[in-house]
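Protein chains: 2
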Amino acid sequence: MLVILGSKSPRRKEILELLDVDLQVYNPNVLEDIKDFKTPSEYVLKTALKKGIATKNQFPFDVVICADTVVACDGQILEKPIDKDDAFRMIKMLQNNSHYVYTGVYLGKGNEYENFVCSSKVYINSMSDEEIEEYLQTPEAYDKAGAYAIQGIFAKFIDRIEGDYYNVMGLPLSMIYQKLKKYKS
Amino acid sequence: MLVILGSKSPRRKEILELLDVDLQVYNPNVLEDIKDFKTPSEYVLKTALKKGIATKNQFPFDVVICADTVVACDGQILEKPIDKDDAFRMIKMLQNNSHYVYTGVYLGKGNEYENFVCSSKVYINSMSDEEIEEYLQTPEAYDKAGAYAIQGIFAKFIDRIEGDYYNVMGLPLSMIYQKLKKYKS
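Residue numbers (our numbering), protein chains in the order written: chain E, 5 to 189; chain B, 5 to 189.
Chain E with its partners taken away, still in its complex shape (with noise of 0.2 Å):
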């Protein structure tokens, strides 16, 4: 089966290489600008039903998957940095608290498609100032939702999950694949 893969996250595309499919990756390229939104849950749905709307106007007659993912902290949605200072300041709530991340998924074929959510909770043990800083040296941080990295160097601080982790990393791997069956031939 050929997967188009809406997305430019490499980690994406490591999740959906576990499954046995084809894939190919497009970038829908549209704004993430969602305003009209109540909570992280709705804000993820709507982002990735518009990648996927857009990404299946080009590929109409193929199984299409689109996400997005967003961090949620003490009421604040986070999404991905936009430079250290902001990096740092994500970090900091993170730290010695716990948080949910949401991954919203669009998946599809032609007109028919689901668009659900999925969230996990995290905790991460306390950082100091110096581990915070040490960890933003690297490059993991920046293209991130809350500026970690699961699977990477930040997994040291992680003191438990609750939920798919997977879907930390940017896409609930158990839910796609069962919701895949359906269109295998």
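The list makes no distinction among identical chains, and a pair is therefore deemed to hold if it is satisfied within one copy or across any two copies.
Straight-line C-alpha distance at most 20 Å; calculated SDA-like pairs for lysine to any residue: (1) K185 to I136; (2) K125 to A159; (3) K185 to N115; (4) K17 to N33; (5) K185 to I157.
Just so you know, these hints were derived from the structure itself, not from any lab. Small disclaimer: the values here were computed from a predicted structure and weren't measured.
Chain B: place on chain E using the hints.
For chain B alone, kept in the frame of chain E given last:
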């Protein structure tokens, strides 16, 4: 800092490589034949201690880490499967169910050491016999406690976890990172 990893598991080596340490691998090659235990925790603690003492005796001046991991489901301890039938039996028990993964750790230098345990809970989706058979065609299952690898193609069957993801892989990374701090020179 040099760390001696007393384990032949390539997964444990990968996990420790996420830390900023120099690694040397040693295979303590002890019999995992602990009979005197009441709980899975006690079993992995004693086995990790046995591996730890054997490794420490070879490297008395270095930081040594050893570990043992088992899966506990429905009151049974699952170690590595002995053959394909055994692996099938294990996965049949784990699917559509939850289980605990226990990793016992020995971490020390010379005669000073800690012996601690970390547990994670894993929920696996329901799997058809065909899905189990298909999985057992791959080499992934056969050298792992409980007959599955959370980080491999089995990932698509994992609904959620509660705890440290790396503990399920074989080493509780964040606990080890914290405990290694006192040996930093």
